[in-house]
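S.K.: Each chain, written out:
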Amino acid sequence: MATERQADERPEHRGYVAAIDQGTTSTRCILFDHAGRLVAVAQREHRQHYPRPGWVEHDAAEIWRNVARLVPQAMAQVDAGGGDVVAIGIANQRETVVAWDRRTGVPVANAVVWQDTRTADLVDAYAADGGTDRFAAACGLPLTTYFAAPRMRWLLDEVPGLRRRAEAGEVLFGTIDSWLVWNLTGGPDGGTHVTDVTNASRTMLMDLRTLDYSPQMLEEFGVPRAALPEIRSSSEVYGTARTVVPGARIGAALGDQQAALFGQTCFSPGEAKCTYGTGGFLLMNTGTEITRSSHGLLTTVAHRIGGEPPVYALEGSIAVTGSLVQWLRDNLGIISTAPEVETLARTVPDNGGCYFVPAFSGLFAPHWRSEARGLIVGLTSFVTRGHIARAALEASAWQTREVVEAMDADSGLRLASLRVDGGMTSNNLLMQTVADVLDAPVVRPMVSETVSLGAAYAAGLAVGFWPDTQALRRRWHRAAQWEPTMDSATRARGWEDWQEAVQRTFGWIRH
Amino acid sequence: MPGPIQSIERAAAALRLLAAAPEGLGVVELGTALGLAKTTAHGILRTLVEVGFVEQDDHARYRVSADLADLGRPRIDANDLRAQAVNWADSLASRTGEAVRLAVLAEGRAIVVHHVFRPDDSRQELEVGTSLPAHACALGKVLLAWSVGGRRRRERLPALTQRTIVDPAVLGRTLAAVREQGWALDVEELAAGTASIAAPVRDRGGLVVGALGIDGESERLVDTRGRPRAGLVPAVRQSARAVSRGLGARGG
Chain A
232 MATERQADER PEHRGYVAAI DQGTTSTRCI LFDHAGRLVA VAQREHRQHY
282 PRPGWVEHDA AEIWRNVARL VPQAMAQVDA GGGDVVAIGI ANQRETVVAW
332 DRRTGVPVAN AVVWQDTRTA DLVDAYAADG GTDRFAAACG LPLTTYFAAP
382 RMRWLLDEVP GLRRRAEAGE VLFGTIDSWL VWNLTGGPDG GTHVTDVTNA
432 SRTMLMDLRT LDYSPQMLEE FGVPRAALPE IRSSSEVYGT ARTVVPGARI
482 GAALGDQQAA LFGQTCFSPG EAKCTYGTGG FLLMNTGTEI TRSSHGLLTT
532 VAHRIGGEPP VYALEGSIAV TGSLVQWLRD NLGIISTAPE VETLARTVPD
582 NGGCYFVPAF SGLFAPHWRS EARGLIVGLT SFVTRGHIAR AALEASAWQT
632 REVVEAMDAD SGLRLASLRV DGGMTSNNLL MQTVADVLDA PVVRPMVSET
682 VSLGAAYAAG LAVGFWPDTQ ALRRRWHRAA QWEPTMDSAT RARGWEDWQE
732 AVQRTFGWIR H
Chain B
10 MPGPIQSIER AAAALRLLAA APEGLGVVEL GTALGLAKTT AHGILRTLVE
60 VGFVEQDDHA RYRVSADLAD LGRPRIDAND LRAQAVNWAD SLASRTGEAV
110 RLAVLAEGRA IVVHHVFRPD DSRQELEVGT SLPAHACALG KVLLAWSVGG
160 RRRRERLPAL TQRTIVDPAV LGRTLAAVRE QGWALDVEEL AAGTASIAAP
210 VRDRGGLVVG ALGIDGESER LVDTRGRPRA GLVPAVRQSA RAVSRGLGAR
260 GG
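These protein sequence lines map, in sequence, to chains A and B. Each residue of the first sequence is one higher than the one before, counting from 232 in this note's numbering. Each residue of the second sequence is one higher than the one before, counting from 10 in this note's numbering.
Just chain B, with the same shape it has in the complex (with noise of 0.2 Å):
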């Protein structure tokens, strides 16, 4: 049996750190309280922070991240958040005249769990159970934007359209916008001619649990400029945060 690992080691002993200071530490700090050098100090918060367990503030202090506290717990049954959005998601396609979509990550695809036709009595399928390609949709981009090791993506990523992010540096930022704004926005990047809109959905922890979001013909859901139409996103976020306050969710 070969001997502990010693990055491993170092890495467990910053995570114990970095628990037990809520204020958040710098690297100085962390290097000095585990007798490093401040580049073996920065390697180290650098990786944890790329595979979610750690997360940097504005002021360069490093902190665990709501995602490691969440590891131990057991993830909420598909079925479950359906019945929880049931309603929800109804009120949403009513109010945007859109159909919607209720996904949850699994091995990088975006789930589809629980779809709700676009209220205009048209034929459509029921979509529930179909996986879509998550960097190219708004369901995918949250559900990316929250998971933990989410945003480590290096290679090249599939083209669906002309429009779908391919580069891994430009869909990590469009992922920490999505992370900062609340919501995140699709325009033909997964098929010519629609767009989406979603928000997450989260448990009691405050973990994204799921997305929710609208999808429909592009030029209904965004203007010239790509920007979405007025009411969506606020409908989407706010029907997001229902269905998060029915798993227990604070505020939001």
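If we strip away everything but chain A, and leave its shape as in the complex, we get (with noise of 0.2 Å):
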């Protein structure tokens, strides 16, 4: 250990890869050494746009303009100059839409988040043709509002004259990273216009087996293939930066969640993280074998680096985790900090026989019910915000456990232990309960930023920072680990409880 005190002065280990994680809500720009450590953080918020119920809307420019301020951010922080940044890799919210104009770089409407609901009538008369699974087979994905696809049909539909410009090569789509890489290679001056493989396995087009876009799948959505960006491994160098960075290599670009996966190591099949986030998402590696599943979860494309097989992954995610904390504090005011949620609930003992079903949106894996809607069942007078704010934090592990049975059923393990990583992590209650309604440990390890930390992994893979996956596996270390501690008869009951009360949220919304 001794050795590690010291600042690594080797010549092929000096400076460090920025990792940009363009999130939801925020930008971060990264920092991280040879050692794989955080070495400094710099992040900025950026607007949300509600223009009508169930939009949300960034302002990609905006988005970039953040980008841009918030590397050098963080490089003064370390007094690092242009050439210290041996890579640059990027993690992005995904499935979020962007277009723009090619000979400008404005774009031509603000970016369709994912969480934007618009495509509801759209995907629900594909559905009526077939039902939801009618492209699965392709693309791994169910129809929902959820994914790409359905976004850029109704851009092109809705647009004046986007199809026609689109079709003509004069506007160019993409997803966050093709956006970011775009601007960071000169933009209208001779920008790359690349994605990735695991961002373009969410929109819907790519074929997961020839990881190349799916023409019958481009023709049901009516994109004009010149307008996408070509589909590219999720490690090798896209281009050089020719703005922010001038001479750093791109060398990554990862939808958030897989990076997260990479950044967690796990790179053997049946090794799984869950990121609690806004949302909560599973991943868990299957290998280079597709597995498709008849639980509810989505086949997904986990990494491929440069030229080797890509590596697929099974996903379930959960739409209400960190944002149930967030309602609490701003829409029932009965915490003032998300974290505070931890000391209210450990006010009380238990749950009080409350549960609390944060359906808001329906409900994603596995039981994708988009007619449900959030309940709190169990109420008496007994019942105090604490018991409140205990069974919004039991939401979450339930919501786990959920998807870890989906996982197990389709892959035929069980999971041994449950890698954790996220801003959630530091709650400790949740992580407890987690362990104790999965009955297996939950660990987190020493760097809970691995959505950042997976993005710099890729990015220094390709350019040659660290060698091979051995030597990033040797740098995951546990942080914290939690021991179920919960009998099994009190286990079995909420359990049954907590179905219970999720039975109740079906088919709240009649049409």
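The set of hints was computed from the structure by calculation and includes no laboratory data. All values reported here derive from a predicted model rather than from experimental measurement. The beta-carbon is built from N, C-alpha and C at its ideal position, and this holds for glycine as well. Possibly wrong hints are sitting among the right ones.
[To be verified] Part of the chain A face toward chain B, derived, beta carbon under 7 Å:
1. Thr363
2. Pro570
3. Glu571
4. Val678
5. Ser679
[What the hints assert, rightly or not] Stretch-level coverage of chain B by chain A, calculated; a stretch enters the list once three of its residues show a Cβ under 8 Å from a Cβ in chain A:
6. 66-73
7. 130-137
8. 190-197
[Unchecked claim] Covered by chain B, per the in silico footprint, the following chain A stretches (three or more residues, Cβ under 8 Å):
9. 266-272
10. 654-663
11. 702-711
Assembly of the complex is requested from the two constituent chains, each provided in isolation within its own frame, with the hints serving as guidance.
M.R.: Here you go:
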């Protein structure tokens, strides 16, 4: 350990990888050194635009300005010059669609965010002819408003003149990774228009087997191929930055959840992680073979390193985890900061019989019930806000169990322990509850910023800063572990109550 | 109902005067302003210094302390503090190769509110919620050094090892040194064979709201003469400052 304490002075180990984590509510730039240690962080929130109920938009130009500002800010914290950034890696909010003018670099409309449900009617119309799983064989995804292709179709239909301009090659489409790489590599002045397999695997336009656009899906959604980015691997040099950090190589792009799986070094089949942020995202590496789910999970690409075979994953997403805590803070006002939910929840020893199913916009995996709505049940005059806080935290834990059970059923394995990351891992009560309801240890790694770390690792691999995935694995260390302590009778009773509560949310929205 | 207590009235008047004098006041000036004998004024000031409401500078001038200004402010929630500290605590563990703890003061003891394992993947237990005797560990010394009333102990302190500080006068001098140097050390004072180093975490107003530190085998943390090994103190102080910056503290 003594050698690790010293600054690493070997010339090939000097410098930093800059990770850009472009998330739903904020953008961050984090610098990592050769030991995989976080050395600088700069962060900035961007505006959320809600022009109509169910619509969520971002100004892509604002996001780009933030990136251009944050990278130098992070570098300044450690007095890094341009030559000290050996590579840039990007992790981004997935499924959000940007379209921009190739000549001016100006977005033709606000970016349509992954949470946006404006395509509900469009998606229903597609599903009316063959069901929600009609494209699952090709792209691994069910028809929902969650994915990118229906958004592209909506923009092409609704923005005047857009279809003609896209077909003429005047307008470019992409997810946020494409937008950032294009801008970093020069924008209108020769910018590179690419995306990676993980981001492309969330569009519904990519064939999971060929990792190229599916002519059938392009046809179905009417998206001109000329407007789409070239699909590349997740870890390769896409180009060299011509602005922000001129000369730095851009070595990786991954969807944020796949980046977290990479940052947790889940490189072997059966390894899984759950990221607790606004929502919860559980991904399990299933190896180089495509695994189809029969329990409501998505099949997606985990990563592809250069020319190596792609690695696939099963994904179960929970729509509402951290955002429920924000709701307690902003809408109920029973806490003043998110971490205080733990303080409030600890004022009571248990949930007092209260269950909270936060189906605010339906339920994601494994139920996929868009018509479900949230409820709090088991209310009696005994229940206090402490019980409600506790029930809210337990909701994240029970939903994790639902996804883990689906994963176990699809993979035929039983998850031995769960690797966790994300902001909510600083909530000890939640982490203990997850361990209790899963009856399995919950492990937090030393760097809980796994999204950024994964982007940095993939970029560092691409430029040879790190030799291989084994070297990355050696950098993974356990920072905390929660062991299950709940007795099995309590666990079984709670699980039964939770499932009963979930049933009662179904069918609330009646057409 | 008993009448007003004269000494408290005088103390309140002294605080009002000191608060209005940014350059501070000497004993004679204060006594004159309040119409008190020098010995009486001195007694009031000494007591106010002991409870932490007043500070005395090198020129024997007295002024109100930061603690007093912070008296009416709500304290940061321990769970908030942890959320702010997670990244820097991880980074500290990774840099030093040692376990990291973040603690707050409650009823004279250091309560561990965050714990990062020593990064060697050995079996370790999460010790969040554990309470440590403040006088016997670096975290506790930091918390006592900047706490209101924390310096005012008269009884002998319990010994945990042969090296635990048990004399309140010695502890008082140690805490003064901690305030002076900005960090604290314990070498085998809490448990044989272990040492710890800690530094203060400050909030927006500069108030010390927690202590961040490393602990581990004493031979890894200190040399044969009991001095911290190179690089450890700066690493601890930088991390504590980074957490403080996240809480809105200026400089550091």
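S.K.: Determine for every hint whether it applies to the structure shown.
M.R.: A quick look at each hint next to the structure:
no., hint, result
1, Thr363, "violated, 38 Å"
2, Pro570, "holds, 4 Å"
3, Glu571, "holds, 5 Å"
4, Val678, "holds, 6 Å"
5, Ser679, "holds, 6 Å"
6, 66-73, "violated (count 0)"
7, 130-137, "holds (count 4)"
8, 190-197, "violated (count 0)"
9, 266-272, "holds (count 6)"
10, 654-663, "holds (count 5)"
11, 702-711, "holds (count 4)"
The structure shown violates the earlier hints numbered 1, 6 and 8.
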